[in-house]
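There are 2 protein chains.
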Amino acid sequence: MASYNVAPLQRLVEQFERLPGIGGKTAQRLAYFVLNMPEDRAREFSDAIMDAHKKIHRCRICCNFSDQELCPVCRSETRDKTTICVVETPRDAIAIEGTNEYKGTYHVLHGVISPLNGIGPDQLCVKELLSRLNNGEVNEVIMATNPSVEGEATAMYISRLLKPLGIKITRLAYGIPVGGDLEYTDYVTLARALEGRSEL
Amino acid sequence: MASYNVAPLQRLVEQFERLPGIGGKTAQRLAYFVLNMPEDRAREFSDAIMDAHKKIHRCRICCNFSDQELCPVCRSETRDKTTICVVETPRDAIAIEGTNEYKGTYHVLHGVISPLNGIGPDQLCVKELLSRLNNGEVNEVIMATNPSVEGEATAMYISRLLKPLGIKITRLAYGIPVGGDLEYTDYVTLARALEGRSEL
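Chains as they are written, first to last, in this note's numbering: chain A, 12 to 211; chain B, 12 to 211.
Calculated directly from the structure, the hints in this document are not laboratory data. You may find that some hints are simply not true.
It does not matter which identical chain is meant; a pair holds if it fits inside one copy or across any two.
Said to hold, decoys possible - Okay, derived cross-link-like pairs now, EDC-like style, lysine to aspartate or glutamate, Cα gap no bigger than 20 Å in a straight line:
1) K114 x D103
2) K66 x E25
3) K36 x E108
4) K36 x E50
5) K66 x E50
6) K65 x E50
7) K66 x E80
8) K65 x D103
9) K65 x D91
Computed from a predicted model, the values in this text were never measured in an experiment.
With the sequences and hints as input, model every part of the structure.
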C-alpha cells in the first residue's frame with residue numbers, strides 16, 4: 012500500500028512511524044498534513060527539531076533538560092534546596108510542577124532500573140544524585156518514581172543507597188485517586204489506601 | 012504546566028500540537044522522544060520534512076503528489092488510461108491502490124466542495140480533470156469521493172459537468188462492509204445495500 016507513495020513522502024511517513032504510539036495510518040495522515048503546510052510552517056517544524064537537539068542538554072545539578080547550564084528550578088532562589096524529589100523522566104517533573112504544591116527541587120533519573128532491558132543504576136543519573144547529597148544541605152529525598160514494578164525497585168534501590176547518609180527518605184502516598192470511585196478501585200490500591208489511612 | 016518546559020523544547024511541543032489528532036500530552040511525549048533520539052536520527056526527521064516539501068509537487072496530469080513531473084501511475088505504461096478514478100485526496104488513491112484491483116488512473120481533487128468552508132470547484136483540481144477528457148481517450152470516470160454530504164455533492168457536481176461529454180460516469184457501490192454485521196449496520200447503509208442488490 013505504502014509502496015505507492017513517492018520516495019520523499021515515504022521517508023517522511025517512516026519518520027513519523029518511528030514515533031511512539033504512531034501507527035502506519037496516522038503516520039500517513041501526519042505526513043500529508045505536513046506536506047500541505049505552507050513552506051515556512053514546515054521549516055519552523057523542521058528547525059524546532061534540530062533546535063531542541065542542539066540547545067537542550069542536562070542541567071548540571073538535577074539532570075533535567077535545560078537550555079542553560081542550570082534548569083529554571085535549580086537556578087531559582089525561591090525553591091527549597093533542602094528537598095529533592097526524584098523522578099524517572101522530565102515529564103514526571105512537569106506533572107509535579109503542575110500541582111503548584113511542591114517548592115523543592117528535582118532529580119531526574121532518566122529511566123528506571125530494568126535488568127531485562129539491560130538498564131542498571133549506571134545508566135541512570137544515580138551518581139549525580141549521590142554527589143548532591145554530600146554537602147549536607149539536603150534534609151529529605153522524596154522518591155516519586157512510578158508505581159510500577161521497575162519504579163518500585165528503583166525507589167528501593169536508591170533508598171538503600173541513601174540510608175547510610177542519614178537523610179529522610181519518603182515515598183509518594185498510594186491511595187484512591189481524587190474523584191475516583193471506591194467500587195471501581197482495584198484491590199491493591201484499596202489495600203494501600205487502607206494501610207496509609209490518616210486521622211481526620 | 013507547559014510553562015516549565017525550556018523554550019526550544021516548548022517550541023517543539025507546540026509544533027507537534029499543531030498536527031491533527033495530537034493533543035497536549037501526546038505532543039509532549041513526542042517532543043521528548045525526538046529529544047532522546049540520537050542526533051543523526053533527529054536530523055533525518057528534520058530533513059525529511061523539508062525534503063518532502065521541496066521535492067514533492069503535483070503530477071501534471073492527475074494532480075496526485077509526485078517527485079517527478081508525472082506520478083508513477085500516470086507514468087506507467089501498463090495502467091489503463093481510459094478509466095479515471097476521481098478521489099478527494101492522495102490518501103484515498105493509496106487506499107484504492109491497496110485493493111490491487113484497480114488498473115486505471117486517478118484524478119485527485121485535493122478536497123471537496125464545501126461552501127461553508129469557502130471551498131468551491133475553483134479551489135479543487137476540477138478544470139485539470141476536464142482538460143484530461145478533451146482528447147476522447149477516456150471511456151469511464153469513477154466517482155470515488157467519500158460517502159459524506161460534501162463528497163456526494165462534489166460527485167454530483169462533477170457528474171453534471173461531465174454528462175454533456177458523453178462519458179460513462181459511475182459511483183462506488185454502497186452496501187454492507189465485508190465482515191460487517193447486518194444487525195449493527197445503520198439503516199441508511201442497509202437501505203442502499205438493498206437498493207444495490209445483485210443477482211447471485
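Quick rundown of the hints versus the structure:
no., hint, in the structure
1, K114 x D103, "within (15 Å within a copy, 52 Å between copies)"
2, K66 x E25, "between (25 Å within a copy, 16 Å between copies)"
3, K36 x E108, "between (35 Å within a copy, 15 Å between copies)"
4, K36 x E50, "neither (23 Å within a copy, 26 Å between copies)"
5, K66 x E50, "between (24 Å within a copy, 12 Å between copies)"
6, K65 x E50, "between (22 Å within a copy, 9 Å between copies)"
7, K66 x E80, "within (11 Å within a copy, 39 Å between copies)"
8, K65 x D103, "neither (23 Å within a copy, 38 Å between copies)"
9, K65 x D91, "neither (30 Å within a copy, 51 Å between copies)"
The structure fails hints 4, 8 and 9 (numbered hints given earlier, in ascending order).
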